[in-house]
Every structure is written in structure tokens, then in C-alpha cells.
Amino acid sequence: MNPKLITVRHAVEAHILNQGCPANALSPEQRDQQAELRARHPSDSAGLIVPFFTAPAEHRDMSVTGGTTDQYGGELVGTDVPEAGPSLYQALRLPALGARTLIGLRGNADLPYGSTAITAEWLSENEAGNDLTPVLGVLSMKPKRVAAHVPVSLQLIAQGGEVFAAWIRDELMTNLGAEIERVAIAGAGTGGEPTGIINTNNIGSVAGGTNGAAPDLADLCDLEFAVTGTGKADRGPLGWILSPKARKKLRQTASNGTGSAMLWPVTESDRLLGHPAGVTTASPDNLTKGSSSEVCSAITFGNFSELFVALWGAGIEIDVTRDRAMTIAGQVLVTARAYVDCGVRNPKAFAVMKDALCA
2 MNPKLITVRH AVEAHILNQG CPANALSPEQ RDQQAELRAR HPSDSAGLIV
52 PFFTAPAEHR DMSVTGGTTD QYGGELVGTD VPEAGPSLYQ ALRLPALGAR
102 TLIGLRGNAD LPYGSTAITA EWLSENEAGN DLTPVLGVLS MKPKRVAAHV
152 PVSLQLIAQG GEVFAAWIRD ELMTNLGAEI ERVAIAGAGT GGEPTGIINT
202 NNIGSVAGGT NGAAPDLADL CDLEFAVTGT GKADRGPLGW ILSPKARKKL
252 RQTASNGTGS AMLWPVTESD RLLGHPAGVT TASPDNLTKG SSSEVCSAIT
302 FGNFSELFVA LWGAGIEIDV TRDRAMTIAG QVLVTARAYV DCGVRNPKAF
352 AVMKDALCA
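Residue numbers (my numbering): 2 to 360.
Don't read these hints as lab results, they were simulated from the structure. Do not take every clue at face value.
Simulated restraints on C-beta separations [said to hold, decoys possible]:
| hint | residue 1 | residue 2 | range |
| --- | --- | --- | --- |
| 1 | N127 | S256 | 54 to 60 Å |
| 2 | C22 | A159 | 29 to 35 Å |
| 3 | K249 | R146 | 34 to 40 Å |
| 4 | T282 | N203 | 55 to 61 Å |
| 5 | R236 | A40 | 23 to 29 Å |
| 6 | R107 | F226 | 36 to 42 Å |
| 7 | T289 | G258 | 25 to 31 Å |
| 8 | T102 | N202 | 20 to 26 Å |
| 9 | P52 | R236 | 30 to 36 Å |
| 10 | P96 | D33 | 50 to 56 Å |
Glycine is no exception: its CB is placed at the ideal position from the N, C-alpha and C atoms.
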């Protein structure tokens with residue numbers, strides 16, 4: 002193992018050994034690494050920093066004596082476990098579709114875009130060109146705090162060793178990643194959440210009906226045209242985001258009446274109307290339209306290079322706390338924090354149907 006790499010286990014043990022300044026419990030090399038990371042981090046808390054892409058997590062009590070099954074953490078104890086795999090959270094699909102990630106930001110980020118298209122023109126030899134002034138829009142991104150917490154028994158920390166360290170790190174990082182994807186798609190833009198694609202102002206919209214409707218070929222074509230038919234917004238990786246429930250509905254829906262091919266043929270695992278399709282439970286199935294309360298699904302089409310995920314600082318901050326009750330119970334609370342924002346730069350690059358009935 003790289004002696005400079007800070008793991009979740011290092012962070013937990015360092016906090017336990019020196020609660021006032023956990024960095025004092027690290028090796029000299031690890032302290033040097035933390036000083037370098039801290040200089041690029043937006044928070045001044047006492048937490049230790051795990052560099053990006055090494056850690057996210059589930060809210061779950063784990064103990065050694067709670068049982069021998071994996072749900073209690075018992076499978077992490079012993080010398081015959083070669084590795085500990087991450088939990089089966091929904092697969093993260095946005096990067097594969099072309100979403101862009103900005104890493105290591107310090108201040109606020111303003112991303113300009115042309116809100117009106119510039120038109121090229123042909124000119125004769127001495128003809129003067131028109132004075133074309135572009136109109137710019139701006140996506141302003143600011144750090145927002147997201148955290149995942151997991152209570153862990155001290156006995157499990159002592160007995161789980163590096164197998165435990167790898168497992169809890171993957172748990173925490175995976176959970177944070179899944180939450181970031183959820184808000185990138187459907188964040189409300191309130192209560193500290195970023196604004197997700199489907200709640201972005203001025204994106205394209207396709208409505209099924211007053212109370213929603215089952216999605217059909219016309220709806221999918223309208224979603225596609227809402228992006229591809231609007232100037233240059235489609236110049237990038239086009240694709241779909243929808244839920245497993247919506248995919249199931251499209252696989253069982255004929256494209257043009259009884260006897261015709263299905264909208265989503267079984268031979269196409271991850272493509273819809275010729276475009277890549279990301280299927281994730283982060284795409285909501287609990288939207289409301291008219292009398293259809295909390296049963297509508299979202300189907301989104303767009304140019305995913307216009308979706309940005311911004312990460313501030315040098316990594317994920319790991320903190321460990323314990324109150325009197327947790328001390329008596331032999332537990333600590335491990336918290337992973339990140340500073341993130343998500344947003345659509347050019348609203349014309351996306352269109353959504355938010356009232357698809359997929360039961």
C-alpha cells in the first residue's frame with residue numbers, strides 16, 4: 002500500500018487517537034500530503050481529506066457481534082476474506098453519456114454559452130460583413146455541501162483491517178456518487194440541492210396529457226426534435242436518461258400499433274432510437290401530473306456535454322465524531338463530505354417528458 006495514501010481507516014484511527022488534531026496521528030508523509038490537499042480545500046474543519054475518486058455510502062449500523070451475515074458487517078471479519086466489494090447501487094451513467102466534470106475548483110465557476118446562435122454569411126470580394134454580436138448566457142456554479150454518514154463499531158474497525166477500510170471507503174464514495182447523480186438529473190434547486198436537468202428553466206418539454214399518458218413513438222420523436230431542431234444545441238453527445246420502469250414500459254410498447262416492432266427492441270440493450278440510453282433509478286418515477294399523483298416517470302433526451310458536475314477542493318473530507326451514547330455503545334460516526342454543484346449550461350440542449358405513465 003502507498004504509505005502516503007490516506008484511507009478511511011487512517012482517518013478513523015487518527016480521530017480516535019487525537020480528536021483535537023487527527024493529523025498529528027498520521028505519518029510524516031501523510032501529514033505532508035494532508036497539508037498539500039488542505040491548501041486546495043474549501044473547508045477549514047479538522048477532517049482528513051481522501052483525494053477524489055478513492056472513496057462514497059450507506060446509512061447503516063455495522064457491528065461484529067450483530068450477526069455473521071453481510072448486512073451486519075460480520076462478513077468483513079476474519080482472515081479468509083480476500084476483498085470487500087462495493088454495494089450494488091445503481092450504475093452511474095452520466096459520465097458515459099458525455100456529462101462533463103470540473104475537478105479541484107476553488108472559487109465560484111461561471112460557464113458562458115451562446116444563448117443565440119451566430120449565423121455565418123457568404124461575402125463577395127470587397128463586401129463588408131455584418132456586425133454580429135453574440136448574446137451570452139451564463140451557468141453560475143457555487144459549492145454546495147453533500148454528506149453521507151455511517152455508524153461503525155470500534156470492534157469492526159479493529160478486526161476488519163484493510164478489508165474493512167476498502168469496503169467502507171467504497172461504500173461512502175458510491176453513496177455520494179449516487180446522490181450527486183440524482184440531483185444532476187432531478188435536483189429541486191431548493192434546500193441546498195443543485196438544480197437538476199428536469200427542473201432547469203427553459204428546457205424543452207413534451208407533455209403526454211392533462212393527467213399524463215403512456216409514452217409512445219410520437220413522444221420520443223418530439224423529445225428528440227426538441228433538441229435536434231433548435232439551432233446548434235445538438236452538437237455533442239446525444240442520449241437518453243430514464244428509469245428502469247420507463248425502459249420496461251417502452252420494451253412492451255409497440256412503435257406503430259399492434260404487430261409492429263417494440264419502441265425499445267430487446268436486441269438493443271442500451272440504445273433508444275439510435276442514441277445511447279442511460280438507465281438509472283436516479284431518474285424519478287414519482288412525479289405528479291393532474292390526477293396522476295406521484296406515479297409519473299421522467300424521460301429525458303439531450304446533449305449531455307451541456308451538463309456539468311463541479312467538484313470543489315482536493316477530495317472527499319472524512320470526519321469522525323462520537324457522542325456519549327456512541328462512546329458507551331463502542332461506536333463512531335464516520336462522515337464523508339464533498340462540495341459539489343451540478344447544472345445545465347444551455348437549456349436548449351435538453352428536453353423532458355415528466356408525465357410518462359409507465360405502470
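Problem set entry | Numbered hints the structure breaks, given as an ascending list | 2, 4, 5 and 10
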